[in-house]
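Asker: Chain by chain, the residues:
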Amino acid sequence: MDNVTIGALSMLCGLGLVALRVQIGVALGLVSFFGIAAILNMRAAWGIVTAVPFNFVGDWNLTAVPMFLLMGYVAYSANLTGGLFKAMRVLLSRLPGGLAVASVGACAALAAASGSSVATSSAMARIATPEMLRYKYDPGLASGVIASAGTLGSLIPPSILMLLYGYFAEVSIAKLFIAGFLPGVLSAAMFAAMIIVRVRINPRLAPPVEETLTREEKLEALREVWPMPVLIVSVLVGIFVGVFTPTEAGAVGAALSILLALWRRTMTLRVLVDATRSTIIGTAGIFMVVIGTVLLSKLMALSGVPNALTEWLLTIGGDQYSAILMVIVLYLILGMFLDSIGILLLTLPILLPITEAVGIDLIWFGVILIKLLEIGLVTPPVGLNVYVMKGALGNLVSLPTIFRGVAWFIVTDVVTLTIIILVPSLSLFLPSLME
Amino acid sequence: MVNAIEKIIRWLSYILGGIAAIALLLMMAQTVADVLMKNFFGAPIEGNLEIMSVYHMVIIVFLPLSLVEVKHEHISVDLLVRNFPSWLRRITDTLGYLVATAFFGMLAYQTGLDAIEAYQIGELLMTSILITIWPAKFSLPIGFAAVMLASALHAWRAATDPRFDPTPAVPDLSPDPS
Numbered sequence: 006m007d008n009v010t011i012g013a014l015s016m017l018c019g020l021g022l023v024a025l026r027v028q029i030g031v032a033l034g035l036v037s038f039f040g041i042a043a044i045l046n047m048r049a050a051w052g053i054v055t056a057v058p059f060n061f062v063g064d065w066n067l068t069a070v071p072m073f074l075l076m077g078y079v080a081y082s083a084n085l086t087g088g089l090f091k092a093m094r095v096l097l098s099r100l101p102g103g104l105a106v107a108s109v110g111a112c113a114a115l116a117a118a119s120g121s122s123v124a125t126s127s128a129m130a131r132i133a134t135p136e137m138l139r140y141k142y143d144p145g146l147a148s149g150v151i152a153s154a155g156t157l158g159s160l161i162p163p164s165i166l167m168l169l170y171g172y173f174a175e176v177s178i179a180k181l182f183i184a185g186f187l188p189g190v191l192s193a194a195m196f197a198a199m200i201i202v203r204v205r206i207n208p209r210l211a212p213p214v215e216e217t218l219t220r221e222e223k224l225e226a227l228r229e230v231w232p233m234p235v236l237i238v239s240v241l242v243g244i245f246v247g248v249f250t251p252t253e254a255g256a257v258g259a260a261l262s263i264l265l266a267l268w269r270r271t272m273t274l275r276v277l278v279d280a281t282r283s284t285i286i287g288t289a290g291i292f293m294v295v296i297g298t299v300l301l302s303k304l305m306a307l308s309g310v311p312n313a314l315t316e317w318l319l320t321i322g323g324d325q326y327s328a329i330l331m332v333i334v335l336y337l338i339l340g341m342f343l344d345s346i347g348i349l350l351l352t353l354p355i356l357l358p359i360t361e362a363v364g365i366d367l368i369w370f371g372v373i374l375i376k377l378l379e380i381g382l383v384t385p386p387v388g389l390n391v392y393v394m395k396g397a398l399g400n401l402v403s404l405p406t407i408f409r410g411v412a413w414f415i416v417t418d419v420v421t422l423t424i425i426i427l428v429p430s431l432s433l434f435l436p437s438l439m440e
Numbered sequence: 008m009v010n011a012i013e014k015i016i017r018w019l020s021y022i023l024g025g026i027a028a029i030a031l032l033l034m035m036a037q038t039v040a041d042v043l044m045k046n047f048f049g050a051p052i053e054g055n056l057e058i059m060s061v062y063h064m065v066i067i068v069f070l071p072l073s074l075v076e077v078k079h080e081h082i083s084v085d086l087l088v089r090n091f092p093s094w095l096r097r098i099t100d101t102l103g104y105l106v107a108t109a110f111f112g113m114l115a116y117q118t119g120l121d122a123i124e125a126y127q128i129g130e131l132l133m134t135s136i137l138i139t140i141w142p143a144k145f146s147l148p149i150g151f152a153a154v155m156l157a158s159a160l161h162a163w164r165a166a167t168d169p170r171f172d173p174t175p176a177v178p179d180l181s182p183d184p185s
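Going down the list, the sequences are from chains A and B.
Converting from the first sequence to my numbering requires adding 5 to each position, the first position being numbered 1.
Converting from the second sequence to my numbering requires adding 7 to each position, the first position being numbered 1.
Note that these hints are calculated values from the structure, not bench results.
It is possible that some hints are incorrect.
[Stated by the list, open to error] Covered stretches of chain B, going by a simulated chain A footprint (3 or more residues, C-beta under 8 Å):
no., segment
1, 23-35
2, 56-67
3, 71-78
4, 81-95
5, 99-105
6, 113-119
Bear in mind the structure is a predicted one, so any value in this text is a computation, not a measurement.
Glycine residues also receive a C-beta, built at the ideal position from the N, C-alpha and C atoms.
Let's have the full structure, built from the sequences with the hints guiding it.
Answerer: See below:
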């Protein structure tokens with residue numbers, strides 16, 4: 006058996022184990038061990054398997070992952086995020102489908118702070134969807150908007166997916182974060198525009214909300230939410246002007262969210278314990294996947310599978326757009342049964358040599374990949390966010406209804422993705438100012 | 008008997024998780040201190056980054072592994088398995104946990120040997136200051152051995168308890184739906 010066959014077979018075995026609910030890190034790590042042993046020898050396999058975890062994890066750049074997770078969990082647990090929906094509602098409820106538009110805004114802000122799509126959708130499902138249903142909104146719209154808008158945090162910085170991409174692709178993480186900002190805002194704006202147009206055409210989807218709030222009530226609602234914008238803007242501006250690096254920004258953000266919670270008197274020992282526990286569980290879980298994929302990438306490099314794929318791709322047409330088209334197809338397929346971190350890390354060892362061969366800008370490519378992963382979070386049959394919605398809503402809305410509601414948002418996202426691909430400067434303009 | 012073992016594994020996981028939580032908060036404090044020193048005094052704290060990478064980060068990633076397993080929070084995909092009949096799912100789950108037990112056992116054994124070797128030669132990291140790194144290397148065998156035990160326990164549970172369900176709780180992070 007030649008090396009390419011061993012590499013390809015190992016990868017297939019790994020995916021098979023993943024399909025049988027073996028945790029991703031274990032499945033990939035184990036097949037990599039045997040693959041490396043088959044290509045080199047047992048000694049080399051043992052050496053690589055034990056050297057990688059320590060050497061890889063003990064890296065200063067990766068400390069940003071637990072720190073950004075901590076920032077998000079503190080913001081949640083200390084309820085800094087509580088009044089977001091209320092405030093957005095005050096600002097936007099007079100638009101057609103106002104509550105749904107307000108949900109998009111609140112989800113975007115929440116997801117940006119937390120970096121977790123699942124957590125955002127789960128939280129907003131309990132806050133916003135019942136409100137919309139109370140005002141007789143279409144159930145598909147009321148649930149689909151939260152499942153879809155929850156994914157916005159992967160593009161809007163800071164984002165764990167971007168951090169990992171930047172680390173593996175060896176691209177400036179500061180530039181990546183800033184590059185994701187406009188496409189992220191565009192995605193949110195497209196969602197809002199789609200809702201408004203749909204409700205204009207068919208007002209029964211979202212009956213107008215008759216609410217008369219006094220000026221004081223409105224100001225009160227806005228006064229409640231200032232910590233979140235302060236947190237997000239400080240972190241982004243700090244990175245943009247270079248007061249701290251993106252790696253340090255996580256720790257600064259986490260400390261800032263603790264200070265804001267102390268100021269608001271919502272910081273308790275319980276909050277600290279909950280937030281740190283969620284953070285370490287999240288970190289260890291993510292890094293097991295990371296270690297498994299790093300082992301796999303060692304095997305891939307040894308086996309020559311990426312080179313073989315690159316050569317094959319170059320023979321069928323080696324320009325940027327056919328490469329991107331191939332990635333889209335690949336991600337659509339993988340998105341059906343893997344979660345976003347798994348897809349990203351699994352494919353990077355294969356995709357990065359290809360992008361190098363056809364000369365794609367790695368920052369722009371990162372934005373495209375992350376947008377694809379966002380879409381993958383809501384596409385059937387897996388659509389992780391849809392299941393999270395279902396879990397959070399219980400019997401309030403049925404699963405097919407949520408998928409039906411999400412379909413409109415997927416179509417909108419495809420349009421947004423097309424714009425991102427056709428207009429690279431949308432992603433690359435802001436980072437170019439950072440030179 | 009199994010219940011007693013489960014209790015011990017749970018306690019072990021919480022203790023290891025607690026140590027990781029302390030490392031996490033220290034990491035935050037030290038990074039912020041570094042940023043402040045750099046911006047106000049023009050000089051970062053010597054060796055700070057290296058200590059955080061070699062100690063805090065390694066502790067945060069490896070010690071909580073068994074806690075992740077106890078809480079069923081390891082990242083996995085249950086799309087296919089969800090549609091299996093329950094007898095088949097019990098078989099695949101048991102085998103899956105045995106595979107994980109074996110993998111973590113391998114890692115625990117080999118990283119344990121590495122850690123002992125690092126201790127015997129008194130392994131150092133050469134930076135602006137010298138850092139002893141062998142204690143950090145013991146985080147790996149400890150974390151891997153603990154998650155091996157937790158996986159073995161779950162293999163036993165999956166095989167013997169028909170009600171065993173390894174799906175994580177839906178993340179509930181909204182303390183006050185206002």
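Asker: Run every hint past the structure and note whether it holds.
Answerer: Cross-check of the supplied hints:
1. 23-35: holds (count 7)
2. 56-67: With 9 residues close enough to chain A, the hint holds.
3. 71-78: holds (count 5)
4. 81-95: n = 8 at 8 Å, threshold three: holds.
5. 99-105: holds (count 4)
6. 113-119: holds (count 4)
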